[in-house]
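Let's have the full structure, built from the sequences with the hints guiding it.
If you're matching positions, the sequence shown starts at 200 in our numbering and goes up one per residue.
Since the hints were derived computationally from the structure, they do not count as laboratory data.
The calculated lysine-lysine pairs, modelled on DSS-like cross-linking and capped at a C-alpha distance of 27 Å, are:
#  : residue 1 : residue 2
1  : LYS1098   : LYS1175
2  : LYS687    : LYS697
3  : LYS643    : LYS671
4  : LYS621    : LYS552
5  : LYS402    : LYS1089
6  : LYS697    : LYS671
7  : LYS457    : LYS854
8  : LYS854    : LYS902
9  : LYS245    : LYS337
10 : LYS453    : LYS1079
11 : LYS552    : LYS902
12 : LYS296    : LYS337
13 : LYS1089   : LYS1099
14 : LYS471    : LYS486
15 : LYS671    : LYS648
16 : LYS1136   : LYS1175
17 : LYS453    : LYS471
18 : LYS685    : LYS671
19 : LYS1098   : LYS1079
20 : LYS1098   : LYS1176
21 : LYS994    : LYS1044
22 : LYS900    : LYS552
23 : LYS331    : LYS296
24 : LYS471    : LYS854
25 : LYS697    : LYS685
26 : LYS921    : LYS1136
27 : LYS1175   : LYS921
28 : LYS1099   : LYS1176
29 : LYS296    : LYS245
30 : LYS1089   : LYS453
31 : LYS313    : LYS296
32 : LYS643    : LYS697
33 : LYS902    : LYS865
34 : LYS1175   : LYS922
35 : LYS486    : LYS552
36 : LYS643    : LYS675
37 : LYS994    : LYS865
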Amino acid sequence: MTCLVASVLLLILFFMCISVVQHFDTLNLLDSRSVMGDLGWVAYPKNGWEEIGEVDEDYAPIHTYQVCRVMEQNQNNWLHTNWILTEGAQRVYIELKFTLRDCNSLPGGVGTCKETFNMYYYETDEEDRAMKESRYIKVDTIAADESFTELDLGDRVMKLNTEVRDLGPLSRKGFYLAFQDLGACIALVSVRVFYKRCPFLVKSLAEFPDTIPGSEASQLVEVVGHCINNSMPLYEPPRMHCSADGEWLVPIGKCVCKPGFEEMSGYCQVCKVGFYRSQLESSACSKCPPHSVARQTGATSCSCEDEYHKIDSDPPNMACTRPPSAPRNAISNVNETSVFLEWSIPMETGGRKDVRYNILCSRVLPDGRGLEECGPNVRFLPRRVGLSNTSVMVADLQSHTNYSFLLEAVNGVSEMAKDYTKQYVTLNVTTNQAAPSPVSVVRKGYTGKSSIGLSWAEPDRPNGIILEYEIKYFEKEQDSSYTIIKSKETEMVVEGLKASSVYIFQVRARTSAGYGAFSRRFEFQTSPYLTATSERAQASIIAVAITLALVLLAVVAGFLLSGRSCCNHIHVYLVRCGYSKAKQDPEEEKMHFHNGHIKFPGVRTYIDPLTYEDPNQAVHEFAQEIDVSFISIERIIGAGEFGEVCCGPLRLPGKREIQVAIKTLKAGYTEQQRRDFLWEASIMGQFNHPNIIRLEGVVTKSKPVMIITEYMENGSLDTFLKKNDGQFTVIQLVGMLRGIASGMRYLSDMGYVHRDLAARNILVNSNLVCKVSDFGLSRVLEDDAEAAYTTRGGKIPIRWTAPEAIAYRKFTSASDVWSYGIVMWEVMSYGERPYWEMSNQDVIKAVEENYRLPGPMDCPEALYHLMMDCWQRERTNRPKFDEIVCLLDKLIRNPSSLKKLVNSSHRVSNLLVEHASAEGDCSARTKSVGEWLDSIKMGRYTELFVEGGYSSLEMVTQMTSEDLRRVGVNLAGHQKKIITSIQEMRVHMNNTNSPINI
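Rendered as C-alpha cells:
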C-alpha cells in the first residue's frame, strides 16, 4: 500500500509545474490550484480520500486529493467540495485533472480494483454540510484515457488525464460537487469549476455588457447595446446575440455619431470650428459651405454670413445665397395689341438655380396722370409671376396705348432679405392700331315666318370707335352663297327668309383700323305659320323647360361627381402623376404641388422620374453632381449594359476619402441611352436605407457620364455564395436574408416595386451586409438568350417572377415577395440556378401546375415553409415584407428552431430529373458519373472517381465517407454534399425499384 501511495505522489509532484490555461471568455467559480491554504473538503469515510499538500518549483502550495485502497473489498469513498456559488450562471463546466493507476500493473491478490470514479452534484440555496448521498445527482462516470504503471514511474512518463463535464440548467444559488471512489488508485490533481460568458464588447460605437449565456446549449440571448461616446442608434437600437459558447453573434443595427460629431478610430470626435455634421447618414464632419461659418465646435449646421441666406429646403452642404440682380438685355416686340418681352438671365444669380421672373404691367394714363395697373383682361402667356423661361407674351392690351413693364428676378431667398432692394428692368412700349376683337355673343329675338330678329354685344376689345357692324348669313348647307348686310346698331331684323328654314349668322365689327374677325357661327330657324305672339309664348315655354332640364342635369352631375366613380378618376390621376401609396391616409385629400407632382404630407413616396418633362431635372433633383476631379479610376471590376464598371477613391472636399464603384457610359451614346443610363440614379437617389445600395452622386457635366455608388467588396450575392459554397452557418445565411427583407420592406413602404429581385442584384460588402441594387430602366437579366421571357411590354425574368406578373404584368409588392422566396432558395442552395436547366416555357407550365422548387440540401424546415408561403398562387395570401422581417428576427433569436431540416426523402431531387428537349422527347437515358457530378457542381472529381473504379452510378450508390476520402475528396463540405446526393439516389432507387435514370 505504501508503494502505491508513493507512486501516486511521485506523479503528482511531476505535474505540479504545469500552468493553468487562461480562458478569456470564462469565469472561475472554483480552482483548487489557486487556494493558498487547505481546501477543506470533506472526505467520508475519513480513511478514504486523503489531502496531500506539496509545493511546486516556485514553492507555491499545491493541494491534491488521492485514494488508493485497492487492497480492500467494497470501497465507497466520498469526497465533498465546499459550497460553490453559481453567481447567476445557469450552466457551468467542471474540468478535472487526475492520474489513475492501471489495475493490471498492481500486484496480484488485490481487492476489487476499478479504473473509474463517479462525479455527483447537489443544488441548494444555502450551505448544507449534511452529507446525504441520496440528495446528490450523478453527473457521469469518469474514466481515464491514460493510466500509468510501475514502469511509467521509472521512466517519469506524464499521463495526466483531463476531463470536462457540464451541469445545467441550474436554478439554485449554489451547489456541491462530490467524487465517489469504488476502488480505484486515483489522484485528483486539480478541480476547476467555471462558466462561460460573452465578454464586455464595444462594437460600432455600442457597448454590450458581460452576458451570461442561457441554460440551453443552442439558445441565443439577445442583448440590446448601449450607444456610447456621443453616439445614437441608426434606424433601430443595436443588438447582439450571446451564444452558449460565449461568442457574440448576429449583429443587428448600429450606433452612429450624433450630429456635430464624426467617427474617427472608433470614437466620436467633435467637429472642429468651421466644420459641421447634420445628417446621421454621413460619417465625417464637412467643411462649412461658402458664405457660411461655424464659430463653435460640435456644430450641426453653419450660419450664413451677413446678406446671405438659406431656406428650409436647401441641403446642409449648399452654399448660402442672396437675391439676384436685375434681368439684362430686355427687349420688346409689339404686334398690334400684343407685346412679346424677352431678356437675359441676371449677371448675378445669387448662387442659386431657382431664379424666377415676375412681370408688373402698368398702363400710362393720359396727360401724364400716372400709372394704372393692367386689368384682369390682359393675358400673360404662360403666366405673369414665377416664370422659369426668359420670355413672355402679353396679349389683349388696348390699342394706341402706352404701357410700362417692370421685369423682376427673384430666387428662393428674396423674401428673406429684409434690406434687399428689388432690382427691376423697365420697358416702355406703345401698342399699335388694331382691329376690334370678334363679337362673342349673338342672340335671337323676334322670329317670324320670313324674318328673324338679332342682337349682339360689343366686342370685348373694340380697340377704337365702332363705325359699323357687318352681318353675314346664309341658308344652312349652302354656305357658297351668302348675304351681307350692315348696321350701325347692335340689333336688327333680317327680312326675306324662307319659312321653316335654318340659317347661319355671323357678325363682325369695323373701326378705322378695319374689320375684325367674324364671330363663330350661330344657327337660328324661321317659323312655319305661327304669329309673332304665339311664337313668343312658345319660346317662353321652351325656355322654362330648358331651364328645368339644366337644373336637373346639374343636380345629377353633382351627385355623380361626389360619388365613388369620381374618386376612382382622382385615384387614376394620382397614380399617373407618380403618386403611389399602399394604404389610405387620413391626409390623402390635402394635396400639395411640387415640380408638377402631387404629394401628401408626412408620407415619403417614390416619384417616378418619367413624370418629369425633362428627365435631366429628375437626375439633378435626386442625385448630387460630383466634379470629375474628385474621382480617381483605379481598376475595372466588370462590365455593365452601358459601359464599364470601375472602382476607385472619391475625395470630396472636407470629407474622408472613400472607395466607390463607378459606372461609366460608353462613348458614342444616343440621348435616349444617356437618359436610360441616368434613370437608375434618379431612382436610387430617392432611397436611404442600410440595406439599399447608396448613391454617392453623378457626373453629367463632363465625359464620360458616371454614376457613383458605394463600393461593395464581395460583389453580387450569387457569385459570392458560389465561391464560398458551404462556408457559412445557418445563422449567417439567415442574417443575410434578414438584411435583404429589411431593404425590401423599406422599398415597399415607399411604394416602389423592384420587379427584378434576384441574388444577382444583391450586393455584399466586407461585413456580409446585403444590399438591394439594380434599379435601372433597362436591365441585362442574364447572359444567355433564354434569360427572359418576352411579353407585350418588355422582358421578364421568368425564374424569379410571380405567375400573375408573367401572365398579366401585374407587378406589386406581392410579386416582389414571390421573387424574395426565390432569393431565399438561391441563398440556401449557395447560388444554384432556380429550376436548373428547365426552359422558360417548362418553368411557366410547371409553376402553373402548382410545382414548386424543393427544399435545398440542409435547409431548415422553417425557412422552406416561409419560401412556400412566398410562392402562394393568390398574391393576397403571401406574407408582407414586415412580417418576413419579424419572422426572421424570431428565428435568429431562437436558433433551435432552425435545427429541423427538410426531410430529404420527401424532396424531389433535381439530381435525378432532366427535362424533355424542345421537341418534347420524354425518353429516359442513364446518367453518367461525370454528368451526375456536374449536376451537383462537383465535376472536378470526375477523373478521381473513374480512377478509383467508380464508373457507374450503381457503384457510386455504395460509397461511404471513407470511400470518398480514399478517392481524394478531402473537403468536409464537398463530402457532405456528395453523400447527401448519394442518399437521395438510394431513396429514388428504393421508391421506384429501378436503376438511376433521367
